[in-house]
Amino acid sequence: MEDSAAVAGLLWDEWLPQSVRDLIAAELPGGHDDARRLAVWLAGVHDIGKATPAFACQVEPLAQVMRADGLEMRSQRAMGADRKLAPHGLVGQVLLGEWLEEQHAWTVAQTGQFTVAVGGHHGVPPEHGQITALDRHPELLRTPGKSRGLWQRVQLELLEACAAEFGVVDRLSAWRSVKLPQPVQVVLTALVIVSDWIASNPDLFPYFPQDASRSSEERAAAAWQGLNLPAAWRAAEPPADVQELFASRFALPPGAKVRPVQEAAVDLARTMDDPGLLVIEAPMGEGKTEAALAAAEVLAARSGAGGVFFALPTMATGNAMFPRLLDWLERLPAPEGTRHSVLLAHSKSALNDDFTDLMDHGQVKAVDLDAAGDTEESRPSSRKRSASAEFVAHTWLRGRKKAMLSSFVAGTIDQLLFAGLKSRHLALRHLAVAGKVIVIDEAHAYDTYMSVYLDRVLSWLGAYRVPVVVLSATLPANRRRELVEAYSGRKKADPRDFDAVAQAEDYPLLTAVAPGGAPVLRRPPASGREADVELERIDDDLAHLADRLEDELEDGGCALVVRNTVRRVVETARALRERFGEADVTVAHSCFVDVDRAAKDASLLERFGPPEKAKDRPPRHIVVASQVAEQSLDVDFDLLVTDLCPADLLLQRMGRLHRHLRGGEHQADRPERLRTARCLVSGVVDWTADVPEPVRGSVAVYGAYALLRSAAALVPNLDGGAQRPVRLPSDISPLVQHAYAEESAVPAGWAQDMEAARTRYEEMRADQAERAATFRLGAVARPGRPLFGWITAGVGDADDTSQGKAQVRDSRESLEVVVVRKKADGTLTTVPWLAPDRRNRALAGLALPTDQVPTPLAARTAASCGLRLPIQFSYAETMDRAISELEELHIPAWQVKGSHWLAGQLILPLDEDCQTHLAGFVLRYSKSDGLEVTRA
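If you're matching positions, the sequence shown starts at 1 in our numbering and goes up one per residue.
Just so you know, these hints were derived from the structure itself, not from any lab.
Don't be surprised by glycine CBs; every beta carbon is placed ideally from N, CA and C.
Hints are not guaranteed to be accurate.
Derived Cβ-Cβ restraints for the label pairs, each shown as a range [as the list claims (entries may be wrong)]:
1. 850 - 611: 28 to 38 angstroms
2. 64 - 216: 41 to 51 angstroms
3. 724 - 672: 19 to 29 angstroms
4. 663 - 327: 43 to 53 angstroms
5. 215 - 153: 49 to 59 angstroms
6. 889 - 337: 19 to 29 angstroms
7. 32 - 144: 27 to 37 angstroms
8. 216 - 327: 10 to 20 angstroms
9. 337 - 672: 25 to 35 angstroms
10. 103 - 67: 25 to 35 angstroms
11. 82 - 850: 16 to 26 angstroms
Calculated cross-link-like contacts (lysine-lysine; reagent style DSSO-like; alpha-carbon spacing at most 30 angstroms) [stated by the list, open to error]:
12. 927 - 822
13. 146 - 84
14. 615 - 179
15. 257 - 50
16. 257 - 822
17. 823 - 897
18. 257 - 146
19. 146 - 613
20. 257 - 823
21. 146 - 50
22. 257 - 179
23. 50 - 84
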């Protein structure tokens with residue numbers, strides 16, 4: 001009890017962000033002093049439920065000692081199944097509530113909002129049914145008969161001692177009238193959990209009598225020093241001059257000026273009534289990321305936020321953002337000796353060199369008391385990195401439940417959506433986001449299913465008063481309104497306030513709203529650079545495409561061909577290679593092993609990135625890619641060919657066309673015939689039909705309605721050619737709004753097909769929303785209502801594995817495998833095409849012995865060749881068959897505790913021709929083309 005309370009006090013003083021402390025203090029009559037006392041007291045009494053027969057009977061020798069002193073109890077066996085009705089967290093909640101009612105005149109309605117932090121300290125707040133069931137079994141709290149009074153006296157003495165020791169005796173009467181908002185109850189519960197976990201760690205708090213020689217204060221001080229937990233970020237007010245701010249935080253090119261949207265974003269972050277939601281809509285390449293980080297610094301200084309979480313759509317975009325986040329952090333002013341905890345938050349982060357270089361190999365293991373055998377240990381790191389303001393992936397802040405408590409995080413959007421999923425230890429996820437500024441990138445990229453979770457999370461973030469920055473180049477107006485309304489949380493808002501948000505047609509556009517406030521709109525001008533993109537229909541015929549590209553690239557140039565499915569990518573690349581040769585055609589899609597996918601992204605940036613960075617741009621080249629090319633890759637092509645897709649995504653793809661100036665305003669360094677930006681739109685069976693029919697693969701991915709709406713919005717540009725180009729950025733918002741506004745006109749003759757497609761779309765959306773609501777967290781309830789049943793009927797634990805992400809994404813569960821090579825003699829090695837690592841160590845062909853754990857380097861290298869199998873393996877019957885066949889290669893030697901990288905993994909062995917059979921399919925893999933799957 002004393003240890004947990006001491007830890008809570010240290011966490012409050014040294015680690016908890018100012019914004020979270022302010023949130024709690026605002027609800028208590030004594031402000032911050034009351035808030036600290038409350039947190040320490042709750043942590044101190046959280047285990048009072050252990051002073052009961054139901055708990056004490058578990059260790060018979062200790063129970064005998066207690067019986068000898070008059071504390072009678074039945075044996076654990078005699079109590080039987082009834083004992084399960086009395087988990088010590090629930091019992092502690094009941095005992096604390098009784099004490100408040102009987103000794104301090106609280107009512108039942110007043111106690112639950114405080115005592116739930118004790119009841120929920122093992123990750124699940126009690127349900128009403130559990131409380132009622134325990135009420136029927138008082139013998140579990142105190143043994144009936146002559147010892148009942150002694151049990152009660154022991155419990156009373158402990159509670160009174162805690163109240164006196166932790167300084168709340170004279171505050172309880174003042175707290176009796178308090179109505180704690182549910183967000184406050186959540187963060188108090190989370191603080192108790194963290195305090196309990198630290199105080200229960202024997203590396204920090206040795207067991208008695210080993211540590212009997214030290215006082216409680218010395219014990220706590222030594223433990224805190226051993227934990228060495230980085231303090232929360234305390235953002236200082238950044239420079240008032242925006243140009244100075246950007247020059248000091250970002251590596252701006254010589255002579256670069258802050259763009260109007262960036263200046264307006266910082267100004268709005270400074271001037272909005274209270275730190276709140278800021279939506280930044282601006283063109284691709286306009287510097288939204290830098291604007292978000294600058295705004296985040298301002299909002300953190302104003303709100304007291306202790307960190308930043310940058311949420312992105314995919315692992316690839318998270319990996320790309322992580323070094324940018326570190327670069328920004330390195331430029332932030334910090335007192336000497338400052339340490340920040342950082343995290344790359346996705347399931348493959350331990351394979352990212354930028355992240356593993358920061359891993360802090362301390363002696364304190366990360367102990368999760370509620371996950372048996374789930375002790376996190378340090379994984380190998382390629383090299384140690386130090387910095388002036390040191391960044392560490394702290395040892396204790398690892399594991400799925402604690403990692404997000406790190407101060408600075410880049411990761412997938414799933415980590416944010418999990419805050420809206422009813423799951424065990426949800427309070428920790430809420431504490432993790434409650435103390436940060438949240439940046440949500442590519443907000444247009446999330447479907448109805450994900451949006452159901454995102455909107456609920458935004459409503460809780462608004463209740464926590466968490467600053468949020470939302471970024472998008474192509475946000476539909478109705479979606480803008482939904483995001484703003486969700487965050488605002490205004491119960492009696494004037495609808496006209498939000499009508500203006502939905503009706504705004506300006507671009508760029510900034511929208512801000514404080515918690516409970518009315519929205520504010522700002523309309524900064526674009527940066528001045530405009531680009532015209534001529535649109536043209538092109539037949540969906542590979543021979544015709546090859547002919548056209550041969551003509552367009554006659555004098556050289558780099559073309560990007562974007563297909564909507566991996567199968568179309570592979571088929572297209574094969575046809576183009578027959579015409580242009582292997583060397584002039586690159587493939588990029590999602591079906592590469594992780595290490596190859598990362599190498600692909602790096603290669604694309606090296607060859608097709610900004611002029612000042614890309615030094616190896618080929619004279620003629622074609623990249624055939626899936627959707628991996630449309631988000632967060634700063635690549636630049638001379639010509640674009642794309643399958644028809646939703647209008648916002650089509651505009652994102654156009655953002656990879658003439659993205660940078662090459663040879664001045666007239667693009668003089670591009671081939672002469674490619675100095676005008678042109679986009680050729682394919683993926684339609686017959687453009688001459690009365691109503692265009694998208695190819696089947698595209699319909700499977702996006703649905704017919706979104707594709708027809710996109711085609712309808714683009715008809716004037718497709719028909720107009722050079723006389724009616726898409727003008728970027730001014731046409732971005734009108735095109736997106738036309739494609740997503742239900743009242744938009746459609747071409748003559750399309751109405752019947754459009755209505756049929758719309759009916760199917762609405763049915764699909766309703767189904768997604770209904771399924772997402774099953775495990776979605778409830779709305780924030782009225783102040784004073786306890787968190788009882790907060791996560792009833794939840795999913796259990798949530799994590800960022802493929803199974804975990806399927807809970808917040810509307811996707812089939814997928815199979816993930818580790819790809820290795822199986823030689824003719826049956827031995828296993830890492831795949832043969834891998835390049836050496838950054839330390840020039842060979843990675844290809846490393847032995848993977850099956851009679852022992854492979855070397856750390858070989859095991860990590862094998863794990864870096866993870867591959868998510870395509871959708872063919874996501875159907876139940878095929879998946880079951882595939883798992884059964886994969887489990888035939890079960891290697892017991894790899895399942896031991898020391899095998900961190902390979903334990904529990906499904907191994908896919910490829911023969912020396914890089915082929916194998918699985919569940920009735922032939923799988924072929926190549927470094928250049930990735931995985932190809934055909935029926936056997």
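Here is what the structure says about each hint:
no.: 1; hint: 850 - 611: 28 to 38 angstroms; in the structure: violated (50 angstroms)
no.: 2; hint: 64 - 216: 41 to 51 angstroms; in the structure: violated (29 angstroms)
no.: 3; hint: 724 - 672: 19 to 29 angstroms; in the structure: holds (23 angstroms)
no.: 4; hint: 663 - 327: 43 to 53 angstroms; in the structure: violated (29 angstroms)
no.: 5; hint: 215 - 153: 49 to 59 angstroms; in the structure: violated (28 angstroms)
no.: 6; hint: 889 - 337: 19 to 29 angstroms; in the structure: violated (50 angstroms)
no.: 7; hint: 32 - 144: 27 to 37 angstroms; in the structure: violated (45 angstroms)
no.: 8; hint: 216 - 327: 10 to 20 angstroms; in the structure: violated (43 angstroms)
no.: 9; hint: 337 - 672: 25 to 35 angstroms; in the structure: violated (58 angstroms)
no.: 10; hint: 103 - 67: 25 to 35 angstroms; in the structure: holds (27 angstroms)
no.: 11; hint: 82 - 850: 16 to 26 angstroms; in the structure: violated (49 angstroms)
no.: 12; hint: 927 - 822; in the structure: holds (17 angstroms)
no.: 13; hint: 146 - 84; in the structure: holds (24 angstroms)
no.: 14; hint: 615 - 179; in the structure: violated (62 angstroms)
no.: 15; hint: 257 - 50; in the structure: violated (63 angstroms)
no.: 16; hint: 257 - 822; in the structure: violated (56 angstroms)
no.: 17; hint: 823 - 897; in the structure: holds (27 angstroms)
no.: 18; hint: 257 - 146; in the structure: violated (82 angstroms)
no.: 19; hint: 146 - 613; in the structure: violated (82 angstroms)
no.: 20; hint: 257 - 823; in the structure: violated (58 angstroms)
no.: 21; hint: 146 - 50; in the structure: holds (20 angstroms)
no.: 22; hint: 257 - 179; in the structure: violated (50 angstroms)
no.: 23; hint: 50 - 84; in the structure: holds (13 angstroms)
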